[in-house]
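Please assemble the complex out of the two chains, which come individually in their own frames, going by the hints.
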Amino acid sequence: MSPGPRPPVQARLDQLRGRALPVNHNARTISALAANPGCARRALMDAAGVDKQQVAGHAGFPAPFGQSQFAIARGNAFEAQVKEGGAAQLLTLLREHLGLDVGQAHYHDLNDVGGSESAQVRHHRTRNLLTSASADPSTGTMFDHPLLRLAVGGRHAYLEPDLIALHHRGRFHVVEIKSFAIIDGQADPAKVAAAAIQSAVYVHALRELLGGDPDRVHHETVLVAPRDFSSQPAAATVDVRKQLTVLHRQLERIASVESLLDLYPAGLTFDLDPDPGGRPRRPPGELAAAIGQVSASYAPECLSACELCFLCRDEAAGTTGALGKSVREDLGGVERTGQVLGLARGTLPPSPEREEIAAQLTRGARLRAELLGTGLPGTEFLETGV
Amino acid sequence: MTLLTALARVAAAETGRAQPTKTRRHLHLSARPLVLIPLQLAGEACAPLAVMAGEDRAKPLQLTVYEPRDRARRFEFAAGLAETVLGYIDGYAGADPADGEPYPDAPQLLVPNAGAAAFTRMLGRSTRFRQVTGEYAVPAAVPLLGRWLSYFGERTEVTGSALLTPLTAALADHWATGQSAMEDANLAALLGWIDPPDGMTGLEAARAAEDPVRCPPAGPVTDPSFDNEVLDHLVRVVRNATAAGDEVALARAQAAMDAALRSQLEPTWELMWRAVDLLRALPEAASVPERWKSDRWSFTNQVGWLREGGAPQPRRDGAVAAARRLARLEREQQRLAVQRAYDDPLVMAEYRLTGEAFAGTVTAADPARLDTSGKRTTLRPVIVVETADEVVLEPGAILRSPDRPAQDARVMTVTVTERRTEVTLELKGGMGRAKVAPPGSMPEPGDEVTFTTLRDDFQPAAAFPEREDTPWTHGGPPQEYVPTDDDAREDWS
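Just so you know, the protein sequences line up as chains A and B, in that order.
Residue numbers in the first sequence follow the working numbering, run continuously in steps of one, and reach 386 at the last position.
Residue numbers in the second sequence follow the working numbering, run continuously in steps of one, and reach 493 at the last position.
Quick caveat, the hints were computed from the structure, so don't treat them as lab data.
Don't take every hint at face value.
[Claimed, not checked] Using C-beta positions, here's what the derived DEER-type ranges look like:
id, chain 1, residue 1, chain 2, residue 2, range
1, A, S326, B, A286, 49 to 59 Å
2, A, E208, B, S263, 30 to 40 Å
3, A, E208, B, N240, 26 to 36 Å
4, B, D277, A, P64, 38 to 48 Å
5, A, A88, B, E204, 53 to 63 Å
6, B, T361, A, P349, 24 to 34 Å
7, B, A397, A, S259, 50 to 60 Å
8, B, S263, A, A11, 47 to 57 Å
Glycine included, every Cβ here is placed at the ideal spot set by N, Cα and C.
The shape of chain B in the complex, shown without the other chains (with noise of 0.2 Å):
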């Protein structure tokens, strides 16, 4: 939370609409995503419970386990699934993509809310030992949707990846809402806020939205209240239909929990899609596409090693795989944070409050100065620049300009006259070999521009040794791992 974000929440507040915290969608949004709301049976592990998925708004489809303790109903559940998801997922590993090149689009998971993102990693947990022969035979399609779900589950551990998207966290980074973040969890009660109903306030709408009778709770866990006044009495009708054999009265007791849970999952289902097209609304931000193909390389690696006959993620990461991704996350956090603040000016007002960056107009430009101090005579244009906002950068400052991130500017003086400042800046890069900087390639006088110390440079991969190398303090070289028997018949009571 920065001072501008707190400031949009009190904003809202005040106004009783949300406020929006980003002007650039910094988010890859399919044209086609799969949007997926799992609810799993309060009190269990991963019982799931239902599940209401599609690609098309008009035609979600739902998956209900009528006996959610029942271990076979669970791997029939999982193998519906499978269809579906497996479905998707092969329309986009179609032709082998060309060289050097990943698969030209990638699927794409809509969730509304972490707690469905957790849900969905551990469905992948509980699925993808099994195996297709022996005792404990399950479809074939299980396992592999395990596999599936688990890695969707793990990506979502990569920062700036959108595989497995939860909307509410979405729209969260998008908008500030009139209450707390906490608040923001509930999807529809952070929908009110952004798009309230007419004749409503945000406020409003957000608190008829936390009535879980008029509001069902996106999941994945159900309203207690449904649990005990009726699913709890429609499960038991399924029970004791099953139990007496009685097919006319079981197919009346399993369209009755059908129909139950539609109606606690279609009003999120209506939802899902209310933010997709608000986020669609918004334009796309520069640096999408580059963290997007990230994505699909991810995905195109990911179905190389399945179709190789992969071998399902292991219980746990070894020491070394564990700290070489703790690694690179922190390294594209840093990433992420550059590239947004470059594509957002939204962002980049951040910096600019706290001093970090500054943007204001050329005031004057000399692209012939050249700098004789050294052995070589070489080309350091000067550029002067205005301010409003306060610079707090001392001489000799290396900074960027998001329009020229090839460009480095330092920084020669500040001068503090009474309302603006005057900061001129030494160029280097980026202006090909020729006397005169060319046109275009520096910033002219009377160009908005904007300087920060914000800078997106390589930086190498730390060292790590090789897995067999594991130092002794971590536990030594771990073992190979392979899938026992035990994997496969583990428990899912």
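Next up, chain A with everything else stripped away, as it sits in the complex (with noise of 0.2 Å):
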């Protein structure tokens, strides 16, 4: 089954983005929409190519992210000098370190030349190069800034990778360039974990590209940043098999766009209404309720990865899940806070399968009354409930 783009669906996916330029999926957003495959808002968004930052801003509610430019500079910088001269550093590195017996080195840099190619020309010339590098191992090594494509909620996605993708015994390597330090062979591991499943993305897309075999890319992936805390690069290997199962499981679970855009009515859009000058003209308030039409799924873990997290969060006050998905556990998964409250006080009869959490409830109510007394903030309605 081929997931090619239908007319009618990119049409409507154009009409839900307006008039603004598409903005292209990457590994990061590929990421953050697998942790959160539930999400229809994020997933039809993405898929739309909306530009969420701009569309949360608009709404009244600026996107927490922002990049200092000293970081941008110090990634920058870091990234150039691995690569610098056929990625000299780069190679010496990964024959010393991962004792990679590389020969001669071909580096192809598949970095958009004219700025005017199509992602699926450059998407062919990708494809082109690395299959006959996979046939014949003398015509490449490195390839530098392939472009990709990965299915998502059954449409074409492009990545853009800054990546080499490292051909050795027949085999590909994802290897993915960071700029936080290896500090005694060790790094945030936070930030190893989202350097981790960016890189797992890369080796299912890579492998999709080769016609879906696994033995010809490996799961093992070289992760390449500054050593201690100088600015000389040290490599790692991470082994990506446990995200890679993540990611196909995520994969699938993301709804098929198309049927999302079944749910929803057909005039619906998110676009700025830009004048000429591309200032938004758009009533704030009814373009917050277009996207209100689209159902979210919010968690507190958005706010570290999605632009349109204050939005969702706002929407969510009152539910139990937007304290933190333990807290909701903890509760029983009772949805929310006033029929927690309601439980707790007896006024609100459980149905027959909360018996059981409105009784600990109570008695947790109960026992905060008797132990902060009376006239402690927050804690009149245990009395007057219990």
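Quick look at the structure:
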């Protein structure tokens, strides 16, 4: 089954996006989507290439993300340094630290040359080069900025990773260059985890490109990052088998974009109605209402992953899930904070499957009232209710 | 997270104000802590940008690195910070302590959040190997500061230690807010819930605190828009003035950078002291002095080690040292959980809710009951406790009461009536050798008592091989760590 774009779907996605230029998927957006596969809002907006940052800002909830120029400069400088001269530094590092007996290296820069090539053309070039290298290793060893393609929600998303695919002994290795430091052999676990899932996205996309054969692309990826407090690179292998399993499962769970589109009115759009100077004219309230038509699945983790997070958080006020997944679980899965208090006070009769949690909540509320006494802020309801 | 704290979060969300989850302060708070707020340059592994530090709320000291990417400027910064931090530490390591006793008090570093604690440790790691002689010589205080900051950083791994404390963690331990644990990592938002300004709900205060312009982040990473719109320009001006050799312009540029960074640090400085006030207002839990004593011991040993010219901490632990540390941490974790429950009825309530503890009133007592079933007749008084708690304990279970931790109570019978449960307990220990338990040595009718299966018994340390006997499965005996010149020369770019 080919998930190729069908005109009606594309037309409808274009309408959702409106007049804005499409924003491309990248490994970060795919891993964020895979982390929350049940979120129709994000799935639809990403598929349509909506600029979520701009939309959230105009709706009155600017995203809390920004990147410091210092961090960008450091990242770019490090990447340029290891890739300089046909990735000489990188090659030395891989030979020395990973024991790769890479001989003569053929380096292919697959960057967009004229700025005019379509994604399709560039992807085609990537595929030709990688496929022939796979058959005949002498034609290439390293591939800088290949353009990969991945089916997400039944649609193709193009990925332009900052990576070099290294061909070694008939298999490709994904090499990810990051600018966070590896100090005494250890790096920030959260950053390594994020890099691992991104690498897994590339491994997955590369395997798809090579016909889905898992043996052609190694599950061990290479992380290259500055060593200790220097700008000298260090390499570490990262096994992404676990991340691949999760990614597979989550990508399957992301509902097909086509069936999602069927759930919403045909006229729905996130267009900002820009004036000739590009300034949005659409009333923010109207835009927010349009966004509200598509259901979201908010969790506090979204705060570090999605541009819409503040808007969705506002919408999720009054739910136990907004306080954290573990809070919701501890409360027996009761959805709303008002219900929790109703059950605790005994003013809300529990359904049969909630009798047990209701009894626990009543006892918990009584204990808190007993121990915190009167006059403490917020305990009044416990005394009047229980 | 437990049901009670989850319920407290819900109550906070509904009432618009944080709810207490503890009735005692389970953390030592020094009478004069050193508040330390580090800022770092974004994107770098460990490039200090500025720090605000001090023991006196009215007199914060600010240090700025005007050229954060310049290695020499970093060591100057480290030397300046050393003056403050080492001066503070020295105040606690004066006259030698009495034999068999630690120093009477120890220093305490308070930082805003876990990131600041990690950065402090990293700053220690990047300075402790430096040498004071040779090609890459640095001022003598720099490696000493490195050893101390590394020590404080490593000590955060010890459960219950308060030598280096991130205040967000301390506050979040004592209050539940109406937001997620992730959002609690923001000091300003957390305080907004706990102590909102007049006329604002906790939610409103927390939301306002998320605006980086109104409330600069507590670090260690600065607000990206501050970096892009303010700092980047100021660093350039400093650099140009340095290149031009224009001292007047340089002094002006540095003053401008100082002022900009002060605007980022000062709000957090105020928040830190407000957090200290809030924590101080809570009565200290009973076992806090005991835990602080082990911090004092640790500090005393560290002072001794450094005075004997102790080498810097190695880059990594050997296998045996790591295993030993892990076992100790697990033991301490369990111990701390028990102590906190014994100290604080609200923590004990968690165990009452799960049936591992119950509280009630003594309705009957027989202080002269004898057990004649064995060879020797022994004194085994009995009490009956009536409780409204759900009791899931079986006869034979051995319980303790936080009021009399030396006394065992064995469950004899559990009788459930309509609304109440009666538990009969046989007592053993802590009553002397008299024929009748002396008054006060056991609960009396009318007493409010709590009994629990939680016990803080001595557990012998697990046996580990000596470091020279490290098995081959764990890499064999590790090489003795000797700092090398390479360590001292290490790049810091």
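Practice item. Of all the hints given earlier, name the ones this structure violates by number, lowest first. Key: Structure breaks hints 1, 2, 3 and 4.
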